[in-house]
Structure formats: C-alpha cells, structure tokens
Amino acid sequence: MTNSSILRAVTGAALGLVSAFAVTAAMAQEAKPTTPIDIGYVELAKNPMLDPERAYYMVPVRPFGSPLPGAELGIADAQTIGKVIGVDFGLKSELGDSIDDINATVRGWSGEGMNFVIADLPATELLALSDAVADLPVTIFNIAAGEDNLRGADCRANVVHMIPSFRMLTDATAQYLVSRHWKNILVLQGPSPADQQMVDAMQQSAKFFGARIVEVRPFLLSNDPTNRERGNVALVTGGTDYDVVYIADSDGEFARFAQYETNLPRPIVGAAGLTPKAWSWAYQKHGSSEVTQRFEQLVPRHMDDQDWAAWISTKAVVQSVLRTKNGDYPTLLAYMFGEKLNLDGGKGNPLSIRPWDHQLRQAIPLATTNAVLDEAPITGFLHQTNDLDTLGVDQPQSACRFPG
Amino acid sequence: MLNTSVLKRLVSRLAPLALILATVGAAEAAGTGYLFVSNERSNNILVFDPANDYAVVKDIKTSRRPRDMHFNNDHTLLYVACGEDDVIDVIDVATLEIVDQIPTARSPEMFVFNKDQTELYVSNEENSTVQIISMKDKIIVNEIPTGAEPEGVILSEDEKTLYATSEVADMVHVIDTATGTVVDNVIVGTRPRRFILTKDAKELWVSDELSGEVSIIDRATNQVINTLTFVPPGFRPVDVTPVGMTINESGTTVYVGLGRANHVAFVNVATHEIEDYTLVGSRAWETRLGPDEKLLYVANGLSDDVSIIDLETRKNIRTISAGRIPHTVLVDDK
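Sequence order for the protein chains is A and B. Residue 1 is where the first sequence starts when you use our numbering, and the numbers rise one by one after that. Residue 1 is where the second sequence starts when you use our numbering, and the numbers rise one by one after that.
Please keep in mind that the hints were generated in silico from the structure rather than gathered at the bench. Warning: the hint list may mix true and false statements.
[What the hints assert, rightly or not] Computed list of lysine to aspartate or glutamate pairs in EDC-like fashion (alpha-carbon distance at most 16 Å, straight line):
1) B:K136 to B:E119
2) B:K294 to B:D239
3) B:K334 to B:D49
4) A:K46 to A:E112
5) A:K325 to A:E296
6) A:K285 to B:D304
7) A:K340 to B:D304
8) A:K285 to B:E84
9) B:K202 to B:E159
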C-alpha cells in the first residue's frame with residue numbers, strides 16, 4: 001500500500017478542512033524501525049468464479065468482482081496498528097495462469113519471508129496449491145471454496161478456511177427454517193459436484209436440527225422438451241407438498257428464475273430467496289455497516305462474501321502479529337489457532353479458528369438481495385462451549401486429521 | 001420541578017435576563033428531573049417524567065440516528081449527535097424543541113465539551129478523525145486523524161489531554177489538545193468503545209466490547225495495569241460485550257453495561273473488584289445515574305427499553321419502553 005492510499009483511507013470523505021499538519025501529526029508519533037510484513041494474494045487470471053458465462057453477476061453465488069479490495073481494506077485498516085507497533089503491513093497480489101504459476105509466485109514470496117497467502121481459488125485448485133507449497137512455512141487462507149471435504153477428509157494443515165463451509169450455510173438455513181416451523185423441505189439439486197456436496201450438507205443439517213427432507217429432485221438448466229420435468233420449475237416442484245424449497249445451485253442460474261414459479265406458493269431458500277452468507281452489504285448490526293462503508297470508499301461496488309473473507313484474513317494476521325508482539329511464524333500460528341484469537345468480524349460474537357479443521361467460527365447472516373433478515377446461530381440454538389459451533393461440523397464428527 | 005421548567009421557559013424567552021435568572025435557578029432547583037432517551041432507529045428522543053410515573057412528556061423528532069447526548073453547563077440546552085445526518089441537534093430543554101444544529105463531518109457518534117463549552121470534540125466513524133468544533137462559530141477548527149472507527153472520546157480534567165478509542169485499531173489514542181497531535185497510543189482489548197476517568201485522575205478505564213473486558217490504564221505511564229474480565233451468571237466470555245460505563249460522584253463505583261450479556265456490572269474502583277451483576281434488558285449499553293444516585297438507568301438496545309436499577313438493592317425494579325434501539329439515557333438533574 002502506498003502512502004497516498006493510506007492517506008486516502010485515513011482522511012476518507014473529509015471535509016477539506018484537514019490541514020496537512022494534522023494529517024501528518026498522527027502518523028509522526030515516533031519513528032520506530034519498521035519491520036515489513038507482507039500478505040500475499042493469489043487468484044487465477046481466468047477466475048472461473050467471475051466468468052460471465054457462468055452466471056449472471058447479480059445472483060448470490062457469483063461474486064461482484066475480484067475480492068482483492070477486501071484484502072486491500074484489511075491492509076488499510078492495519079496501518080494505524082502498524083505505525084504503533086513498528087510493522088509495515090503490505091499486500092502483494094499476483095494473477096496466475098495455472099496452479100504451477102501460482103506455486104512459483106508463492107515460492108518466490110516465501111523466499112522473501114512471507115508466511116501468509118490469501119487464495120481466491122476453487123476447491124480443486126486450492127488443494128493443488130496447498131499440496132504444492134506444503135514444504136514451505138506458508139499458511140493459505142481459503143476465501144472462496146465452501147466444500148466440506150476441504151474441512152473433512154481432505155483437510156490440510158496449511159489451509160485456514162475463512163469462508164464458511166457448505167455445512168455452516170445449510171446449518172444456518174436449517175436453524176432458520178426450524179425456528180419458523182417450516183420443517184418440510186423439498187430439495188432441488190443441480191448437476192455439479194458442488195451441488196451434490198450442498199445437498200449432502202443440507203441432509204445432515206436437516207437431520208441434526210429436526211427438519212425433514214421431503215424429496216431430493218434433480219433439476220436441469222434446459223428448455224429441452226424431452227427433459228421438461230427437470231427443467232421447468234413448476235413441474236420439478238409439483239406432485240408433493242412441502243413448506244419450503246431449498247435449491248442447491250452453485251451456478252445460481254436455475255435458482256435465479258425459480259422464485260414465484262413453484263407449483264405451490266412456497267418460499268425458496270439456498271441459492272435464491274433467503275440465502276445464507278458470509279457477508280451482506282445490507283448487514284447493519286455489530287458495526288457491519290461501517291465495514292461495508294469503508295469498503296465502498298475503496299471500490300464502487302457492494303461488499304460480498306469473498307471480500308469479507310479476504311478482509312478478515314488480513315485481520316487474523318494483523319491481530320496475531322499485534323497480540324504476540326510480532327512473534328515468529330510458529331508463535332503466530334499458535335496464537336491464530338489458539339483460544340485467545342478474538343477477531344472482530346463485524347458479525348457479533350468474536351471469531352476464532354476451530355483447531356480441529358481450521359475453519360473460522362462465524363455468524364451467518366441470512367439475507368435476501370437487499371436485507372438481512374436474521375443471523376445464525378438463531379436464538380435458541382445453543383452449544384456446550386461456543387454457540388457459533390452449532391454451525392458446521394463439530395469436533396466429535398470431524399473427519400479431519402492433521403498430521404502430528 | 002415545575003418551577004424550574006417554567007423558569008427555563010422564561011430564560012429562553014427573556015434573553016437579556018437569562019444570565020441572572022439561570023444563576024438563580026441553578027442555585028434553587030434540580031432541573032426538570034426529566035429522563036431523556038435517544039433512539040437510533042426511530043430517530044427521536046423520548047422525554048419521560050420520573051415524577052409522574054415515567055409518563056412520556058414529549059417525543060422529540062430529531063435528525064436521523066440520534067446517539068450520544070450532553071447538556072450544556074446550566075442544562076438549558078441538550079445536544080444530540082445524529083449519525084445519519086452528520087449534525088448535532090440542539091434542543092431547548094425548556095420547550096423541548098430543536099432550536100439549532102451544528103454540522104459535523106460524516107457519522108458523528110460520541111462527543112464531549114471542554115469545561116467552558118467553547119469547544120466540542122466529536123468522533124467521526126466514517127472518516128476516522130476526531131474533530132474540534134468551535135461552539136461560537138459552529139465550524140470545525142481542527143481535525144485529528146485516528147485509527148479507523150474512532151468511538152469514545154474523553155477530555156482530561158486539565159483539558160490538556162484528549163483520549164479517543166479506535167474500534168478497528170484496538171487502541172487508545174492519547175492526544176495533546178494544545179497541538180492537536182497524537183502523542184501516544186495504548187494497545188487495549190478488541191474493539192475499544194467508551195471511557196471513564198477515575199476521580200483521583202490516575203486511571204483511565206476503557207471498555208473492550210469484543211474481548212469482553214475493561215482495560216485500566218495508568219495515566220502517568222500510559223500502560224494497561226489491569227484488565228477486568230466479566231462473566232455474569234449463565235453467560236460465557238464470548239457473550240459479554242461491555243460498552244457504556246458510568247462512575248458515581250464519589251468515585252467509588254463504576255457501572256458497566258455488558259451488552260449482549262444483558263447485565264450491568266458494579267465494579268469497586270479502589271480494589272478493581274467486580275462486586276455485583278444485575279440482570280437488565282437485551283444488549284445493555286449506556287448507563288446513567290439518576291438524581292442523588294438512587295437509581296441507575298440502562299439503555300437496552302435490542303429490547304427497545306430502559307431498565308431502572310435501585311442502587312440500594314442493586315435490583316432491576318422497573319423497565320420502561322423506549323423507541324427503537326435506545327442509545328443513550330440522560331437525566332436533567334441540574
């Protein structure tokens with residue numbers, strides 16, 4: 001981050017009454033020698049999650065744009081702390097054509113002393129990168145892939161998941177539905193492997209919280225007359241009764257046209273309608289609107305799930321550096337995965353990382369396109385140690401086994 | 001009480017006599033006794049009369065998102081920071097009408113006056129500064145950059161030092177008011193919010209909302225010398241989100257609103273011991289003492305009400321309905 005952009009972040013929408021004297025004064029406290037700490041940021045040059053062919057960008061599953069500004073906001077937020085503790089927090093970002101490319105980038109950065117890299121990658125690519133850099137003192141923040149296998153059988157010690165898992169999202173949805181006594185759920189499943197994982201997660205959530213899956217029906221995004229039963233929303237939701245329709249659609253293109261088209265007049269949740277999210281720009285509690293406003297000062301668009309995950313990743317690093325008085329890499333990791341981590345994510349209760357699968361504990365707002373209606377854990381859903389652990393796979397059920 | 005409010009009305013009408021009358025009034029009476037509650041979401045200040053079973057005397061429509069409130073020194077005017085309209089509304093206590101406005105930068109939340117009320121210090125969350133506003137000209141005379149989301153501000157007794165929290169940078173900025181510069185920073189817990197100064201002027205207490213603590217700073221060294229952790233019965237540390245704090249006149253007790261833990265804590269200032277917890281409404285933030293320190297009023301942000309605690313028994317004896325998201329309570333006892 002350059003000095004001018006720091007100043008921009010600090011002065012924000014000032015009235016023009018700020019004297020240059022005042023601006024420099026706060027920064028000029030004492031000239032401690034500064035240690036640079038850079039955080040890396042990698043994504044694919046052809047980011048499949050932003051592919052315009054994949055889905056219309058206003059659907060909840062498609063990010064509004066590259067989440068890089070989320071990380072930039074985190075670095076801007078860290079400048080004051082950096083000045084005080086003598087650390088110059090910075091960000092390096094690279095696009096890669098392939099995982100080999102990104103691996104080379106991360107190796108270069110690691111050689112310069114970098115320990116933390118934010119990765120905006122789909123699940124398969126994330127695993128490939130994590131295995132490729134496993135020999136380095138590098139921890140990767142997953143800000144995009146919600147697949148539960150990454151937190152279960154395929155977990156990796158060098159990956160931390162800042163984006164919620166599918167299971168956390170379906171748990172949030174199930175809690176909401178159960179709290180409203182909408183317990184009979186018709187599940188519509190899209191064709192992708194991620195959709196299969198979401199359906200698996202929803203089935204576990206329903207079982208855990210006492211809802212009932214009436215039926216799981218596959219859908220197709222197609223007008224093919226020979227497949228009418230699977231392509232037509234009214235037909236695919238006909239012939240049975242239910243309280244609510246849950247749509248597992250990782251592309252969102254089918255779900256986008258499903259509301260008000262169901263055979264019975266029933267609400268839709270999941271990929272359309274009421275969507276469980278990591279972040280919503282319409283979130284207003286817990287100081288969240290201030291985070292969103294700072295983000296919108298950096299980039300003229302709404303802040304979304306992946307942006308928040310990138311922002312909170314930088315925050316995890318900054319807090320670990322601050323609270324360990326700039327400890328070495330093992331000390332930083334011990335703090336980050338320990339009980340004392342106390343992140344202010346703008347989502348209420350302080351956030352920390354589950355040691356058993358490296359998933360960030362966090363509240364899940366349930367949002368429409370322009371309003372947050374509730375947030376999970378829904379009132380009344382309790383856990384014996386931390387209510388945030390009612391969302392996602394709990395320690396006893398976890399299939400993740402870190403070496404050593 | 002009635003006399004005083006009549007007197008205040010006279011004061012506002014008869015400007016030339018104001019000074020004399022106000023002096024007489026202050027010597028004789030204890031204000032209207034009214035309880036003022038600012039409500040962030042319903043954009044109003046509700047005025048209750050404790051002497052008349054807490055009947056609503058007036059619903060004052062303010063600018064949007066009214067939050068922190070302060071009286072002027074003789075309690076003829078009430079100031080309220082309105083975050084959504086970038087303004088501090090000025091209310092005539094006698095007529096309960098808005099009579100003036102002071103423009104600020106974006107999103108003012110907490111503010112303090114200097115002693116003679118010629119200057120006002122206000123934190124501005126969105127552009128991360130504390131502004132110094134001249135009350136005479138109603139213009140911003142200086143602006144001091146802080147960490148992101150500055151919140152609590154407090155001025156030392158000698159007015160030489162201003163303290164401001166940064167919610168995002170987890171620190172307290174120590175600001176020299178003469179030069180308008182940050183001269184020191186004290187790292188505290190997560191999301192520091194509000195302050196009190198102990199009466200012996202030795203300690204600065206800071207509520208840390210997200211880490212559920214109060215950090216106690218030794219003002220001579222600017223070091224945190226103690227950290228209080230609150231765990232009221234039936235709650236876990238993660239549910240405790242302290243924000244509002246009040247100290248009594250004799251400086252022996254601090255009352256801390258514990259936010260989502262729905263309790264107020266009573267802390268012994270001399271020993272730093274947490275003596276009691278009292279159950280109140282949902283998300284208890286700002287606390288304020290009633291006349292003669294017999295009652296404590298607590299704004300409950302998420303149950304839209306105000307709890308009234310009897311300080312003799314430390315029990316919640318009554319709850320009155322407020323507007324939507326009550327932010328600050330204030331009693332006109334002068």
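Under the criterion that the straight-line Cα-Cα distance not exceed 16 Å, is the pair K202 of chain B, E159 of chain B satisfied?
holds, 15 Å
Given the hinted pair K285 of chain A and E84 of chain B, is their Cα-Cα distance within 16 Å?
holds, 15 Å
Is it true that the CA of K334 of chain B sits at most 16 Å from the CA of D49 of chain B?
holds, 15 Å
Do the alpha carbons of K285 of chain A and D304 of chain B lie within 16 Å of each other, as the hint requires?
holds, 15 Å
CA of K46 of chain A to CA of E112 of chain A, is that 16 Å or under?
Violated, because 27 Å separates the two Cα atoms, which is more than 16 Å.
Does D239 of chain B lie within 16 Å of K294 of chain B when you go C-alpha to C-alpha?
Measuring from Cα to Cα gives roughly 29 Å; hence the hint is violated.
Distance restraint between K340 of chain A and D304 of chain B, which requires alpha-carbon spacing of 16 Å or less:
violated, 33 Å
Hinted pair, alpha-carbon criterion (16 Å max): K136 of chain B, E119 of chain B. Please report holds or violated.
Roughly 8 Å between the alpha carbons, so the hint for K136 of chain B and E119 of chain B holds.
Straight-line alpha-carbon gap K325 of chain A to E296 of chain A, limit 16 Å:
Measuring from Cα to Cα gives roughly 31 Å; hence the hint is violated.
In summary, the numbered hints that this structure violates are 2, 4, 5, 7.
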